[in-house]
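Trainee: These are the residues of each chain, in order.
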Amino acid sequence: MMSTPIATEIVILLAGLLFVLGIVGVIIRKNIIFMLLSVEIMLNAAGLAFVAAGSRWAQPDGQVMFIFILAMAAAEVSVGLALILRIYHQHKSLDIDKLKEMKG
Amino acid sequence: MDHLLWLIPAFPLVGFILLALWGKHLSRFRTAIIGAGSVSLSAILTLFIGLNFLHSTPADGHYSQTLWTWFEVAGLIPKITLYLDALSLVFVFVITFIGALIHIYSVAFMAADKDYARFFACMNLFVFSMLLLVLADNLLLLYLGWEGVGLCSYLLIGFWYENPNNGYAARKAFIITRIGDTAMAIGLFVVFYQFGTLVIPDILALAPTTWQEGATVTTVTALLLLAGGLGKSAQLPLQTWLPDAMAGPSPVSALIHAATMVTAGVYLIARMHVIFQLSPIAQMIVAGIGAATLLIAGFSALTQYDIKRVLAYSTISQIGYMFLALGLGAWTAAIFHFMIHAFFKALLFLAAGAVIEALDHEHNMFKMGGLKNKLPVIFWTFLIGSASLAALPIISAGFYSKDQILWYAWASEHGNATLWLIALLGAFLTAAYTARMLLLTFWGDAKTAVSHYPGKFMTIPLAILAFFSLFAGLIELPHNFGHFTLFSDLLHQVLPETILRTGIHGELPFQLLAFLVTFGGVYMAYIFWYKKPQLIEKLKQSPPLTHLYRFWFSGWGFDQIYHVLFVKPVVFIANINKDDVIDKFYQGITILMVRLNRLLSVTQSGSLRWYIIGLVVGAILILSIQLML
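These protein sequence lines map, in sequence, to chains A and B.
For the first sequence, this note's numbering begins at 1 and goes up steadily by one.
For the second sequence, this note's numbering begins at 1001 and goes up steadily by one.
No lab work stands behind these hints: they were computed from the structure.
In this text, a Cβ means the ideal position worked out from N, Cα and C, and glycines have one as well.
Just so you know, not all the hints are guaranteed correct.
[To be verified] Selected chain B positions facing chain A (in silico; Cβ < 7 Å):
#	residue
1	K1447
2	G1606
3	L1608
4	I1612
Produce the entire structure from the sequences given, and follow the hints as far as they go.
Mentor: So this is what it looks like as structure tokens:
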């Protein structure tokens, strides 16, 4: 059962939308965990763009890149979560605005 | 014999190196042995080589020894070559022989000084540099020695550096001689540009064929070299440093500022005599400067009260005589006067040093007096030195050398009545200030008690120098009085004969006049400063004479003029430029950088949000630029 192919432009647009969502999330969120989630969204947006491009030119490269991104995202999340854990232990807070130390 | 030549300057150099490196750890005895011994060895070796030279003069009239090539650059290949001919032999003899005597004297004179080794190290370095100066066969090596003696002069004038005035005197000497040195360096450039070589014998051989007599380039070169000589030899208008240079210890004044270094200018002009002969104008200027200097310094010497300053002005005046002789073309007479002057002036300075030490560092002659019986050895040697300086007829060596110059001032082809009269007036002044110094110091009432008596180390060099001050003149007798010309025969190997004007005869009346003038000077001093001192007091009442006295005392106001003309403007500009005008530009750059840094450091807020916004904006910017292009 073959579903109707979706136009690449729409997928790329969706990826762009997701990416902008991610950026906005990173910028406006105060909680570090949410910022990390937003970063994940950005990564997935990039992955989606790769897959779309791979299907557009019928090349496997896009999917290969997505696998890479998945692996990298997993590693990033594990490191990020570990850092967040440490930050919470040290500062008893996850509010990014309270963690500022540089005064400019 | 020539293979031993290098040892003459090598001994003092080794002495300097030993004393400079290990001087602090050597005992005083060893320091004295190294310091005085090195120069004495040079003196003995010089006697040895000198006798050999006189006995069997080489066919080409010189020994030379090439040690190594200094460097090679674009056709300039100066070699470290020592060159000994009759002229340099006289200088080497004076430098090592008198140098050795002064070193031996210093062993006792400086005995109580805490910087014993430093003193001898500087003195040895000086003797080495001076020997290099007179033995150099090319002008570049000569210039090395020339700067070396300048450095040692600076170091030794400022030897007692705790007193800031001594440091000031040292700097003054260094800076003023530097003016002459700079002119001389330019002269060397011109010579090299013209001849493509700096080797002195080559230049002297090439000059008459390359240069026209009286051409501009000849005159300019001669004047540039002369300027170097004027600085070193303390002649008008660069003479002001020498009286202040008396701040150094007395042996330094004797060796550097009387016997050797200050006559380097005389050596230079005699050495380059061909260039001066080719330029009658330059030679006239040499004679004119010599004549003017000997008068100006003579009048100043008459008014000083510090015994060493009298001797300093007297040195300037006597070197003025040498320059006069050089300008007259009486080359051998100049060198003869140099040698005799070195003997008696070194003697006078050493004896004055002994007097000053005996009276607990009293320099003022008006506070001395009555030392005739208390310090008999000093008195007799000082008397002999003074007789030689005043050119007392027949018995003193100074008579034979100065009489020659007086005679040539009248009789040589460049001579004339004016120069002769000036020289004669100079002789009168010399006799007057010498007698004044002698009378004030040794006759009259004792005003300061004698606290030290000089030992053997000090009196023996004085006695030897006194012997030469009496009898050294006998190697060259006037034409009408023995006509014995050993000295000038020797020097005529190098220097040309003096050409006399035509139709000149009768040396005797001039000599008699010189006798009279000398005795007149002595008599005047006797009246004014011994017999009737109230006359001086009376003269001091009249304001014009007091002004004249002050004018002469201050050395004809040269210091004040230079202060207004040079020192003040320079200090003024230095004050304006205290924080460096050009530096303002670089300061501006640093201020700009600091501002930018402040501006950018605001962005380092620690707020992650702003960083990300910055990243995004930057990425958008770069992408859009790329899309647009």
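Trainee: It remains to establish, for every hint, whether it holds in the given structure.
Mentor: Do the hints match the structure? See the list:
Taking 7 Å as the C-beta contact cut-off toward chain A, the hint placing B/K1447 at the interface is violated, the least distance being around 80 Å. Look at B/G1606: its Cβ gets to within about 3 Å of chain A, closer than 7 Å, so that hint holds up. Because the smallest distance between the Cβ of B/L1608 and any Cβ of chain A comes to about 6 Å, under 7 Å, the interface hint for this residue holds. Restraint check, B/I1612 versus chain A: the minimum CB separation of about 6 Å is within 7 Å; hint holds.
In the structure shown, a violation is registered for the earlier hint numbered 1 alone.
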